[in-house]
Every structure is written in structure tokens, then in C-alpha cells.
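Trainee: Listed here are the chains, written in short residue letters.
There are 2 protein chains.
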Amino acid sequence: MQKPRLGHIQFLNCLPLYYGLVKNDVLLDVDLVKADPADLAVTLVDGGLDIAPIPAIEYARHADELVLLPDIAISSDGEVQSILLLSKTPTSELDGGVVALTNASRTSQALARILLAKRWGVAPAYVQMPSDLGSMLREADAALLIGDDALRAYWQRPPHLFSYDLGTVWNEWTGLPMVYAVWAVRREFAESDPDAVGRVSQALSESLDYCRLHLDDISEYAARWEAFPAEHFRSYFDALQFRFGPRYREGLTRYMEEAHSIGQLDSVPALRVFGEAE
Amino acid sequence: MQKPRLGHIQFLNCLPLYYGLVKNDVLLDVDLVKADPADLAVTLVDGGLDIAPIPAIEYARHADELVLLPDIAISSDGEVQSILLLSKTPTSELDGGVVALTNASRTSQALARILLAKRWGVAPAYVQMPSDLGSMLREADAALLIGDDALRAYWQRPPHLFSYDLGTVWNEWTGLPMVYAVWAVRREFAESDPDAVGRVSQALSESLDYCRLHLDDISEYAARWEAFPAEHFRSYFDALQFRFGPRYREGLTRYMEEAHSIGQLDSVPALRVFGEAE
Chain Y
57 MQKPRLGHIQ FLNCLPLYYG LVKNDVLLDV DLVKADPADL AVTLVDGGLD IAPIPAIEYA
117 RHADELVLLP DIAISSDGEV QSILLLSKTP TSELDGGVVA LTNASRTSQA LARILLAKRW
177 GVAPAYVQMP SDLGSMLREA DAALLIGDDA LRAYWQRPPH LFSYDLGTVW NEWTGLPMVY
237 AVWAVRREFA ESDPDAVGRV SQALSESLDY CRLHLDDISE YAARWEAFPA EHFRSYFDAL
297 QFRFGPRYRE GLTRYMEEAH SIGQLDSVPA LRVFGEAE
Chain Z
57 MQKPRLGHIQ FLNCLPLYYG LVKNDVLLDV DLVKADPADL AVTLVDGGLD IAPIPAIEYA
117 RHADELVLLP DIAISSDGEV QSILLLSKTP TSELDGGVVA LTNASRTSQA LARILLAKRW
177 GVAPAYVQMP SDLGSMLREA DAALLIGDDA LRAYWQRPPH LFSYDLGTVW NEWTGLPMVY
237 AVWAVRREFA ESDPDAVGRV SQALSESLDY CRLHLDDISE YAARWEAFPA EHFRSYFDAL
297 QFRFGPRYRE GLTRYMEEAH SIGQLDSVPA LRVFGEAE
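Chains as they are written, first to last, in our numbering: chain Y, 57 to 334; chain Z, 57 to 334.
If we strip away everything but chain Y, and leave its shape as in the complex, we get (with noise of 0.2 Å):
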């Protein structure tokens, strides 16, 4: 017998989670693995892994071989904070510039460019380069951030520069939440030991119901750790969902369909849901 592997992202987006992982001792019944998100999906499909946070494109990339955790992704209803587009014009002015993305995730690029093309009706040349805004615009119009390099813009607010708040802006195009991550179980894990993949499930949602009734304590932990004070983590807490109800399935949908009207995805997969007829 082996305790379920779990994948764990290891920034700030996750750390409400973890923080309800530990306080409910989880941490004794599952191996948890950190890495990047990227990582993560690579080791889930290969079989390093048996349940993981992974990137929705990564999803819909290897829908075939996974099925998701029906309570539980990375989303936001609008503002999110750490996906940010700056730029040195509006973005209707983008027009045959060039656009700089960060290379650290693939879900947060195709995002961007379904709104340059679709919301903003521009078509950029793109560039991918590694996280740092001062170089990235230095050989770019904009600039597309996430993550904690993004938090800190939206914290520090640089000058001179447009700020689009990604989140935001999918959520006043489209209507609906943006789904980043999704927790994906390898279907033959899922297949094989159901019962621990339900475990797995039910112990997330509890912390996710912990961590909710915390987020109090929670900003003050990431506020020891971090140079930002306590109710810039409690705002960004509050701007990040967990949740992946039905409104936030459409999102995840529209989002895998309009990546695909550009190009950036092959088809649109149905999705699959644990514990959930097809």
C-alpha cells in the first residue's frame, strides 16, 4: 500500500490550501509533491504523480488520460491580481507591437492572447522570455506577468504603465469566472483506487473549508514570510477562488474554446468529473 501521491504548487495562490492541509494534518494520509505547475502535469501523465493542481491548458491537452476533482481549481470571478498584463500603451494600441510573456506559464498565455486578439482586436508579435519586467520591456510594448512577480507589480502599482488586471478582463468580455488550474487525478489512479481519490477529494474540500474560515490567519502567516503586510495577502485571498462550480466549469469551457478559435489548442475536451456521469 501507498499513501496517494498529491502534487502541490508551491506559491502563493496555494498557500491558503496548504495552510488548511496542515491545520487539518492531511499531511499525514497523502506524499506530497511540491513543483511548478508545469511540472506537475508532466510527472501527473507520466505517472509520477497520482493527483494534481495542473494548468487548465495542460487539461485540456491531456483530458483523454485524466479526470478532474469536482470541488476544487484555481479561479477567480473577475480581479485575480497575479495574471497582469503591463503595457506602455492602451492595448488597443498594441497593433503590430511586440508582447513579452512570461515563460512560466502556458495557461496565463493563451489567455492573454485570446484577449489581445478577441477583447482587444490587436495582433502583437509575441515573445516569450524568462520573468523580469524591466527586461522584458526593455525589448517589449508589454509585459505579461504572474504569479508573485505579478502580485508584486499590482502591489508596487509601477508607473507610466497600463495595468490589466487579466482576470478582470475575462470576466467583463465573457461573463464568467477564468479557471487557471484544475486538480486532475491520472484516470487510471482514478479507475484503480477510487476510494482514495474520494479521500483525496473530501480532504482538499475541508481544508478549503478551513482555510476559508481563516483567511484572517492565513494573511498574517504569508505576512510573516513575505515583504508585503497582511492586508495586501488578505485582498489577494480574496480576489482567488477555489471553487469549481458550475459557473466556473463554463468558464473553464469557454476558455479551452476560445484558446482553441486562436489556434493555441488542438480541440475542446468534454469535461470529465470524478465521481460525476459523463
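Among the hints, a few may not be true.
Derived DSS-like pairs (lysine-lysine); straight-line CA-CA distance at most 30 Å [stated by the list, open to error]:
hint: 1; chain 1: Y; residue 1: K59; chain 2: Y; residue 2: K90
hint: 2; chain 1: Y; residue 1: K79; chain 2: Y; residue 2: K90
hint: 3; chain 1: Z; residue 1: K90; chain 2: Z; residue 2: K59
hint: 4; chain 1: Y; residue 1: K174; chain 2: Y; residue 2: K144
hint: 5; chain 1: Z; residue 1: K79; chain 2: Y; residue 2: K79
hint: 6; chain 1: Z; residue 1: K79; chain 2: Y; residue 2: K59
hint: 7; chain 1: Y; residue 1: K90; chain 2: Z; residue 2: K144
hint: 8; chain 1: Z; residue 1: K79; chain 2: Z; residue 2: K59
hint: 9; chain 1: Y; residue 1: K59; chain 2: Z; residue 2: K59
hint: 10; chain 1: Z; residue 1: K79; chain 2: Z; residue 2: K90
hint: 11; chain 1: Z; residue 1: K174; chain 2: Z; residue 2: K144
hint: 12; chain 1: Z; residue 1: K144; chain 2: Y; residue 2: K79
hint: 13; chain 1: Z; residue 1: K90; chain 2: Y; residue 2: K79
hint: 14; chain 1: Z; residue 1: K90; chain 2: Y; residue 2: K90
hint: 15; chain 1: Y; residue 1: K90; chain 2: Z; residue 2: K174
hint: 16; chain 1: Y; residue 1: K59; chain 2: Y; residue 2: K79
hint: 17; chain 1: Y; residue 1: K59; chain 2: Z; residue 2: K174
For each label pair, taking beta carbons as the anchor points, the in silico distance ranges come out as [as the list claims (entries may be wrong)]:
hint: 18; chain 1: Z; residue 1: D265; chain 2: Y; residue 2: F218; range: 51 to 61 Å
hint: 19; chain 1: Z; residue 1: S248; chain 2: Y; residue 2: Q184; range: 15 to 25 Å
hint: 20; chain 1: Y; residue 1: Q258; chain 2: Z; residue 2: V154; range: 51 to 61 Å
hint: 21; chain 1: Y; residue 1: G231; chain 2: Z; residue 2: D272; range: 38 to 48 Å
hint: 22; chain 1: Y; residue 1: K144; chain 2: Z; residue 2: W281; range: 54 to 64 Å
These are calculated hints, taken from the structure and not from any lab test.
Predicted model only: the values in this text are computed from it and were never measured.
We put the CB at the ideal spot given by N, CA and C, even for glycine.
For chain Y, the structure is supplied; the task is to place chain Z on it using the hints.
Mentor: Showing chain Z alone in chain Y's frame:
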């Protein structure tokens, strides 16, 4: 600000401690990195970790760069169950024979060499091999197993073999406990952030206090994930001490002296302990 990076050994011997760490929410205040003890030593000395459990012999080799936590070690005052010499003949007949040493632990390798040379007065040839009893005994007259492999052999009592618990043999020979691993701090980290070291040291001690009070629960928990009954684990966790008091430190120094006397260690360092005068 960064959380202290704390190494952890993911073997059964450190499971009681892990249980205490989880139940006491310590994982919120450290960045826990799981690895083999030998890898932890390399990473610690290279600066990739701040505090880690490392094999006693690795401490001896790098003592100049390290200080020890005062209240924790992996140790036994007699039987240890998980360091076993399994021999086709009594050890007194191994002179000129071949002993296969698992390549998983250099502390135990040196312990076996010490006891064979000085306690039993025999001079076998040594071969290092992966930890597999069958193939070891095809090529050798005796085999040193450690860790989970040794425990399985201890519990299954393979017939037709003489079995020596090296914790017991050491204790009977020297009258002292044996220290297998110590918690070491990079000296540079101890000097630059003594408060953090103090907090981690205290958190580990409290986790040990917790685990000593809950050994039955921990044994039940271990048995859920391994193919042996809870009584076996309870017996093992009773044998294993996490103590590092005066007699234990005396045992460690004696071990280093003996390893030095048979050429397995270049020199015998004084023990430098965090928070104690040298």
C-alpha cells in the same frame, strides 16, 4: 525573509517525528525538503538546506562547517532492529570471508566494519552492493541491511541465517548508546540567524515530546500504510530513541574514535552544539 529550509528523512525511522511535526503544525514555519540522509548531507554542506538530519559519519567529515542541535538525534540504547548483519555462519567465522555492505548508509558500513574488526576480531573482504538480501548472499557470506529492508528481515526472521542487531552488539561491547544520525545546522546559518535555529530546535523538541506521548497512535498510523502490524511498529519506535543527552554524545564520540582507529575517518572532531559553550 525565507523560512528555514529543514531536511527530512522519509524512512520509517523518522515517521514518528514527522507525525509530531504535522500534528504541531510545524510545516507552516519551515520549508521541509525530503531526501535520503546522504543526499541531505551533501545539500546541507552545499548551502541548499539550513538544518538537516545527516548520518553521523557525514557530520564527522564536515564538522568544521556544522553545529549540532542539542536535543535530537536518531539513536538507540541497545537494539535498533533496522541495522542488521545477516550471516551464513557465526561472525567469529567470517575471517577471510566476504561481507556485502548495503551501499545505502556509510555510517552503518563503518559500524559493521568496526564491530567485525574489533568486537569479533575478524578480517573479511568487503563488497558494496545494492540492498537486496538474495543477491548479496549469492556473492557473500554475510550481508549488512539497513532501514526498511532490515526491518522487514528483522520481522520475517529469515531461517538458516545468524542475525545480529548492530545496535545491540555496539551497546554490549561499549556499554554506550549508538547515534546513527544527528540534526546539523550550517554554521553560517547558525551565526546569521540564531533565532531561527532556536525556533526550529524547539519545534523539533516539542514534536518529539508529542510523538513520545502518542506512540500507539503513530504505530496504528504506520500500520495503515505498511504490510506489518501495529505491534511491530510500536516495538520499533520503542527501540528507536531520538535522544542526544550526555551518554548519547559519549556514544557518538566513541563511534567516531573507533571509525578513526580502523581508517574509516581521518580525524575525530569535538562535538559543537548549538547554544552550548565549546
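Trainee: Check each numbered hint from earlier against the structure, then list the numbers of those it violates in ascending order.
Mentor: Hint check: 7, 12, 15, 17, 19 and 21 fail, others pass.
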